[in-house]
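From first to last, the protein sequence lines stand for chains A and B. Just so you know, the first sequence maps onto residues 1 to 426 in the numbering used here. Just so you know, the second sequence maps onto residues 1 to 252 in the numbering used here.
Hints were generated in silico from the structure; no laboratory data involved. Source: prediction; values computed, not measured. Treat each hint with caution, since some may be false.
Unchecked claim - Heads up, simulated DSSO-like pairs for lysine-lysine below, C-alpha to C-alpha not over 27 Å straight-line:
1. Lys225/B <-> Lys425/A
2. Lys225/B <-> Lys394/A
3. Lys113/B <-> Lys394/A
4. Lys111/B <-> Lys425/A
5. Lys389/A <-> Lys43/B
6. Lys171/A <-> Lys38/A
7. Lys394/A <-> Lys114/B
8. Lys113/B <-> Lys365/A
9. Lys393/A <-> Lys31/B
10. Lys114/B <-> Lys389/A
11. Lys414/A <-> Lys113/B
12. Lys113/B <-> Lys425/A
13. Lys71/A <-> Lys171/A
14. Lys393/A <-> Lys114/B
15. Lys365/A <-> Lys425/A
16. Lys225/B <-> Lys414/A
17. Lys113/B <-> Lys389/A
18. Lys264/A <-> Lys365/A
19. Lys111/B <-> Lys365/A
20. Lys113/B <-> Lys31/A
21. Lys38/A <-> Lys425/A
22. Lys43/B <-> Lys393/A
23. Lys71/A <-> Lys225/B
24. Lys365/A <-> Lys225/B
25. Lys60/A <-> Lys257/A
26. Lys171/A <-> Lys60/A
27. Lys171/A <-> Lys389/A
28. Lys389/A <-> Lys225/B
Claimed, not checked - Only part of the chain B face toward chain A is listed, based on derived beta-carbon distances under 10 Å:
29. Arg61
30. Lys111
31. Glu116
32. Asp119
Think of the CB as a built atom: it goes at the ideal place given N, C-alpha and C, for glycine as much as any other residue.
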Amino acid sequence: MSEDYRLMWKNLGLNLEAHDMLLGVLGNAYKDIYLSQKERPEGMAYFDFVMSEVHGLRIKELLDEKAAGRKIVGAYCVFVPEEIVLAANATLVGLCSGADFAIEEVEKLLPRNTCALIKSAFGFKLGKVCPYLESADMIVGENTCDGKKKAYETLGQLVSNLYVMDLPQVKTQNGRALLKAEYFQFKAAVEKLTGKAITADSLKAAIQTVNAKRKAIHRLSALRQADPAPISGLDALLANQVFFYDNPARFTASVNKICDELEKRVEEKKGAFPARTPRLLISGCPQAVPNWKLPFIIETSGAVIVGEESCVGERGTRNLTAETGNTVETMMEAIVDRYFQVDCAIFTPNPDRLAHIEQMAAQYKADGVIHYGLQFCQPYLMEAIPVEKALEKKNIPCLRIETDYSMEDAGQLKTRIEAFIEQIKG
Amino acid sequence: MAHRFAGIDIGSRTIELVVVNQSGQAIHTLKADTGFDPMAEAKQMIGAVVYEGIMATGYGRNLFEIAFEAPTVTEIKAHARGARAFFPEALNVLDIGGQDSKAIALSDNGKVKKFEMNDRCAAGTGKFLEIMARTLGYAIEQFGNEALLAEQETTISSMCTVFAESEVTSLIAKGQDRREIALGVHASVMRRVAAMLQRVAPEGDIVFTGGVANNACLRALLAQKLGRRILYAPQAQFAGALGAALLALEAA
């Protein structure tokens with residue numbers, strides 16, 4: 001590890017000792033979970049590199065951008081429109097929320113029965129171990145679930161640059177009007193931050209950049225329809241996770257490169273797992289880096305994951321923003337239209353999500369669906385039971401899992417998942 | 001030598017071993033406490049019998065897989081198979097073991113259709129009963145029968161084992177009848193398990209397997225609450241091992 005990085009982390013105010021520990025755990029987990037996989041596409045070497053440098057080179061790049069006058073915006077949610085951030089000459093990065101850290105400190109501020117994702121976001125701040133958070137010029141919170149919106153009140157006392165965006169909870173005209181008003185307000189805030197007005201040209205270019213990222217992911221997803229699946233669910237999830245961190249153009253090129261390789265694999269009927277391996281769709285809560293717990297258990301129990309109905313997955317990347325507009329106003333409308341389609345469980349009612357689960361199960365030829373709910377995540381846990389009932393009516397086996405980031409229930413989960421795979425095999 | 005297949009169920013409390021002959025009849029059944037070195041215990045048990053192939057189940061199955069290169073099956077499938085051996089028409093299975101409980105619904109052909117397991121805590125498991133029996137000063141084998149002698153139930157409201165234990169302790173201190181508390185403890189487990197059964201397997205007879213099936217009070221309370229027959233084989237505790245042995249035989 002380069003000494004330059006240590007100085008960089010120190011200057012960012014990270015707790016070097018705690019951060020070393022985190023990187024040690026992360027490195028070991030990556031080795032055990034990712035590098036132990038067989039039949040990986042060669043193109044995954046890029047993502048291995050990205051992960052090995054996730055707190056190193058990528059942070060240095062962001063700091064170089066900052067030195068050159070660009071601003072960094074950090075966010076926790078797929079409702080924060082990257083198009084607007086890019087168009088104002090800033091960079092959007094996802095903030096750390098995928099691992100337990102400094103739990104005792106967190107529980108001084110948040111009730112114990114708060115979901116692992118929110119606790120994690122606080123843990124990374126309180127433990128001073130997230131260089132993305134510390135590099136950010138603006139941190140964007142968003143009023144999704146009750147847990148998050150109340151937690152941002154407290155987070156606002158820990159950081160000086162929190163911007164909270166309101167979000168609608170119903171898909172009505174009023175709901176859309178609220179989202180639109182919030183996006184215009186966010187646009188003004190980002191413009192103020194960067195001192196750069198968004199123009200039709202910059203917005204158009206930004207829309208194209210983000211759409212290109214999404215299209216690359218669409219291409220990757222479509223290739224997973226093949227049997228044998230040419231890429232493991234773990235690797236595909238990693239690409240979806242890196243979507244939130246990487247330089248957009250480089251990310252797009254790297255995913256497309258993997259897709260070229262996967263196309264050949266599909267032609268040669270070469271898979272990450274043998275043909276006719278049971279195929280599962282994961283549906284539910286986001287799986288932020290480095291939350292690889294569930295896919296790791298699934299793919300070491302004899303099944304392959306062929307799709308993620310998740311924010312870190314198709315819920316986040318499904319829709320493109322229309323590229324037809326020529327004025328800032330029309331393009332902003334297109335952005336509002338695009339994000340208003342996201343079928344997050346904070347919406348009531350939320351029938352689109354069930355339709356998408358059924359559609360994805362058919363499209364990716366899934367033998368079953370695992371509904372993944374984070375403990376204490378009311379919106380997704382509430383939807384889990386109706387989702388299970390609806391899928392069973394269509395003879396799609398469904399297993400509801402409720403868990404957190406700790407490994408204490410790994411044995412129990414493995415038993416359930418193995419039994420579910422046995423059930424599917426009949 | 002005739003073809004013989006074995007199944008071993010390595011649970012949190014006990015290990016069971018069953019050997020079946022070619023026609024699926026159990027010819028040996030062995031049981032031991034799991035202790036703190038389950039593989040040493042398992043090794044001793046399998047050394048005492050002769051078989052052609054063995055399949056492992058229970059929470060220790062993966063350890064056994066590595067130590068003895070044996071195939072494994074989950075407790076869910078193993079208990080489903082074992083339950084069908086006891087009652088060939090079974091469509092619903094309830095298994096309560098030392099550290100978990102499961103409700104399983106089967107298709108007509110005996111395949112697992114749906115299942116649910118208890119959460120990660122001990123509520124609704126054999127462990128809960130064991131701790132409460134100890135707190136009340138009963139041997140676990142007598143706990144159910146003593147509870148059945150109670151004339152009325154003292155309600156236990158805590159699901160959590162730790163809270164329930166202090167609740168029981170304070171009831172004892174208040175001079176409540178021990179058997180009535182015992183009945184309350186059983187009713188608490190029953191309610192939890194009944195809710196799971198009603199979600200997963202809402203109608204028809206239920207085959208009760210696992211060590212806790214030996215508890216007559218729990219069987220009676222479940223039958224009463226659900227208005228359904230609870231089918232019980234005296235060998236219920238061996239259902240997992242028997243199921244694994246039969247699956248080994250059928251895979252051969």
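So, going through the hints one by one against the coordinates:
1. Between Lys225/B and Lys425/A the CA atoms are separated by roughly 34 Å; this puts the pair beyond 27 Å, and the hint is violated.
2. Restraint check: the Cα-Cα separation between Lys225/B and Lys394/A comes to about 31 Å, which exceeds 27 Å; the hinted pair is violated.
3. Only pairs whose Cα atoms come within 27 Å are accepted, and Lys113/B paired with Lys394/A is accepted, the gap being roughly 14 Å.
4. With a C-alpha separation of about 10 Å, the suggested pair Lys111/B and Lys425/A falls inside the 27 Å cut-off, and the hint holds.
5. Only pairs whose Cα atoms come within 27 Å are accepted, and Lys389/A paired with Lys43/B is rejected, the gap being roughly 44 Å.
6. Between Lys171/A and Lys38/A the alpha-carbon distance is near 44 Å, which puts this suggested pair outside the 27 Å criterion.
7. Of the supplied pair hints, the one linking Lys394/A and Lys114/B holds, its CA atoms being roughly 14 Å apart against a limit of 27 Å.
8. Restraint check for Lys113/B and Lys365/A: satisfied, since their Cα atoms lie roughly 19 Å apart, inside the 27 Å limit.
9. A threshold of 27 Å between alpha carbons decides the hint, and for Lys393/A with Lys31/B the separation of about 42 Å lies outside it, so the pair is violated.
10. The straight-line distance between the Cα atoms of Lys114/B and Lys389/A is roughly 12 Å, inside the 27 Å bound, and the hint therefore holds.
11. The suggested pairing of Lys414/A with Lys113/B holds, with an alpha-carbon distance near 18 Å, which does not exceed 27 Å.
12. Simply put, Lys113/B and Lys425/A have alpha-carbon atoms about 11 Å apart, close enough for the 27 Å limit, and the pair holds.
13. Among the hinted pairs, Lys71/A with Lys171/A is inconsistent with the structure: their alpha-carbon atoms are about 32 Å apart, more than 27 Å.
14. The suggested pairing of Lys393/A with Lys114/B holds, with an alpha-carbon distance near 13 Å, which does not exceed 27 Å.
15. Between Lys365/A and Lys425/A the alpha-carbon distance is near 14 Å, which keeps this suggested pair within the 27 Å criterion.
16. Among the hinted pairs, Lys225/B with Lys414/A is inconsistent with the structure: their alpha-carbon atoms are about 32 Å apart, more than 27 Å.
17. As the CA atoms of Lys113/B and Lys389/A are separated by approximately 14 Å, the hinted pair is consistent with the 27 Å bound.
18. Restraint check for Lys264/A and Lys365/A: the C-alpha separation of about 20 Å stays at or below 27 Å, so the hint holds.
19. Distance check on the hinted pair: Lys111/B and Lys365/A sit about 22 Å apart at the alpha-carbon level, within 27 Å; holds.
20. Annotation: proposed proximity of Lys113/B to Lys31/A is violated, straight-line Cα distance about 36 Å (limit 27 Å).
21. For the given pair, Lys38/A sits about 23 Å from Lys425/A by alpha-carbon distance, which is consistent with the 27 Å threshold.
22. For the hint pairing Lys43/B with Lys393/A, the CA-to-CA distance comes to about 46 Å; that exceeds 27 Å, so the pair is violated.
23. For the hint pairing Lys71/A with Lys225/B, the CA-to-CA distance comes to about 64 Å; that exceeds 27 Å, so the pair is violated.
24. About 41 Å separates the Cα atoms of Lys365/A and Lys225/B, which puts this hinted pair outside 27 Å; it is violated.
25. Simply put, Lys60/A and Lys257/A have alpha-carbon atoms about 25 Å apart, close enough for the 27 Å limit, and the pair holds.
26. For a cut-off of 27 Å, the pair hint linking Lys171/A to Lys60/A is broken: about 41 Å separates their Cα positions.
27. About 24 Å separates the Cα atoms of Lys171/A and Lys389/A, which keeps this hinted pair within 27 Å; it holds.
28. Proposed proximity of Lys389/A and Lys225/B is supported: the alpha carbons are some 25 Å apart, at most 27 Å.
29. Interface hint at Arg61/B: satisfied, since its Cβ lies 9 Å from the closest Cβ of chain A, which is below the 10 Å cut-off.
30. Checking Lys111/B against chain A: minimum C-beta separation of about 5 Å stays under 10 Å; hint holds.
31. A hinted interface residue such as Glu116/B counts as satisfied when its beta carbon comes closer than 10 Å to some beta carbon of chain A; here the least separation is about 8 Å, so the hint holds.
32. Taken as an interface hint, Asp119/B checks out: its beta carbon lies about 8 Å from the nearest beta carbon of chain A, inside 10 Å.
In summary, the structure is inconsistent with hints 1, 2, 5, 6, 9, 13, 16, 20, 22, 23, 24 and 26 from the numbered list given earlier, while agreeing with the others.
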